[in-house]
Amino acid sequence: MESGYKILWTDNALLELQKTYNYLEINWTEQELRNLSTELENILKLISKNPTIFKESGKRGVIFQ
Numbered sequence: 001m002e003s004g005y006k007i008l009w010t011d012n013a014l015l016e017l018q019k020t021y022n023y024l025e026i027n028w029t030e031q032e033l034r035n036l037s038t039e040l041e042n043i044l045k046l047i048s049k050n051p052t053i054f055k056e057s058g059k060r061g062v063i064f065q
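If you count the sequence shown from 1, position 57 lands on 57 in this note's numbering, and the numbers rise without skipping.
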């Protein structure tokens, strides 16, 4: 990430993201997948630079939704 906080993914979050991507890969076009990837990267950059932008989830320490 460009000068921001490092985002740590849980194993479960990575698994769910992979399952979601696998499903979308079957049901979406390549262009839609590229658009999703771009949007996801933009959101991750935003969170990295502004980690309190979303409300806390209330789970295990400080985790934001």
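Accuracy of the hints is not assured; some may be wrong.
Here are the simulated BS3-like cross-link-like pairs (lysine-lysine), alpha carbons at most 25 Å apart as the crow flies [claimed, not checked]: (1) Lys55 <-> Lys6; (2) Lys45 <-> Lys55; (3) Lys19 <-> Lys45; (4) Lys49 <-> Lys6; (5) Lys6 <-> Lys45; (6) Lys6 <-> Lys19.
I should point out that these hints are in silico values taken from the structure, not numbers from a laboratory.
None of the values given here were measured: they were computed from a predicted structure.
Practice item. Enumerate the violated hints, using their earlier numbering and listing them in ascending order. Key: Result: no hint breaks.
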